[in-house]
Amino acid sequence: MTHHASKYKGLSDREVEQSRAQFGSNKSIEKTKNDALTAALSLAKEPMFILLLVASAIYFIMGKWDDGIFMVSAIVLVAAISLYQDSRSRMALEALRKLSQPFSKVIRNSEEIEIASEEIVVGDYMIVEEGTSIPADGEIIQSNDFQVNESILTGESFAISKDEHDKLVFQGTNVVAGLAICKVVAIGNQTRLGAIGKSMEQIEEEDTPLQIQINSFVKMMAFAGLFIFILVWVLNYLQSGQWMESLLKSLTLAMSILPEEIPVAFTTFMALGAWRLMKLGIIVKQTKTVETLGSATVICVDKTGTITENKMTLVKIYCLATGNISDPSSTLDASERELISMAMWSSEPVPFDPMERALHDTYEKLIPQDDRPFYKLIHEYPLGGRPPMMTHIFENENGVRIIAAKGAPEALIQVSLLSEEEKARIVKVVSSFSKMGYRVLAIGNAIFEGANFHLRQEQFQFHFLGLVAFYDPPKANIQDVFKSFYAAGIKVKILTGDNELTTSTIAKQVGLKEVQQSIGGEELMAMS
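First residue of the sequence shown? That's 3 in this note's numbering, and the numbers climb one at a time after it.
Do not rely on the hints blindly, as some may be mistaken.
Each computed DSSO-like pair below joins lysine-lysine, with the alpha-carbon atoms no more than 30 Å apart [said to hold, decoys possible]:
1) LYS313 with LYS185
2) LYS169 with LYS378
3) LYS367 with LYS318
4) LYS485 with LYS510
5) LYS11 with LYS313
6) LYS313 with LYS169
7) LYS169 with LYS185
8) LYS313 with LYS221
9) LYS169 with LYS11
These are calculated hints, taken from the structure and not from any lab test.
Turn these sequences into a full structure, and let the hints steer you where they fit.
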């Protein structure tokens, strides 16, 4: 019996079967449909495809067998390319689904076991820990420093702390810190994520802008051809009195107007584009995706991890006590070592954020005595506030306590006792670091006796220690990528939660145009 399962029995085998019979399996039930038949019917309803059929029929009626056979061959080729592309994409997606089927830990019969996530039932006790995805909706019954990223549902990238008070967790969200045991309350389509997926089935697929334009053009030309066909037939018949000869002349003239080559060229180019993307390892579910990519005029990107490598390195530290800006690789004095120590203690004990990893690595290299094994996290204030900050409280067996905080410089300035001259110095250094493209965090510590901690971290009286600056270099090929976008007539915008000066500096380094035209979050929220 594991330490997770020792307190809880979980469901028995019989209870699992009863729950599955009542609530079903933990998988989304989609509308049953014949994808191949749907693709064929969708193709057959295309005006361009109908035009090709009409054109080939007319060629055969006129006795132009060569043209008729060529047109039928074009129809078969177009249909084959479209259906083959659709079939390959569906098979690839299905293979990916099977390959990536996740497993989850649950407690059953008083034992911790690992099962396929689809086998989870309502009432199960699931164990979710750092680095895993939550497989079903549940209620927390026990947690330990538990944080979840719910961006898949909310769009908010910050991790949220959850415990027995804020106890609901949702399928598809990711655990970024800690561990929790949760009782499953909803599975499959009944989950919050499943309900969103179900609602998306009601969305009707629309034609792309290029499809609308071509279909409109084809219809217009078809009507023009039909009008001219009838007009020429009637006028020629009135003059010559020859019914069949007039018909053949009018058909010949109408066929010269009908743009039957356009559908062939359009579909062939779309299919070739999809084939090229597939060679690059990109699964194209529908050939119209190629057109959508081709019609893009603006691309919005994040900065960290998209433009940059997301490999944070601690490059500079500023110690308020000495006024020195130092390189962590140089010889540091006691105040600077304390700054690095407090920066590490303000981070998660098991770091997952690149900046926190960098702080732990620097602490290991520069601090002779590693005190981490002797201290236990007894209280924490997760990242919060505007501007944001976070605080951790550690204590050892002798009751010696460490209270360390890190966050936006503005946040630490607000909660620290500082003179106006000190504030001005800090702001100047922050501006200098930001102009160099560095991400800047302020570090502080506090003293507090007793066990009744403040409700909010801002209520502590912090001592401002200094600043730590990280550099996340741009990716090696990102300048070439941006040049390709601009050459294709596509504008690039950066959307980021990072400091405006830092972002502008990185933007200049990677060759982004119109760098000076930036807007902050506060300005954006003030707009109508």
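Which earlier hints turn out false for this structure, listed by number in ascending order? 1, 5, 6, 8
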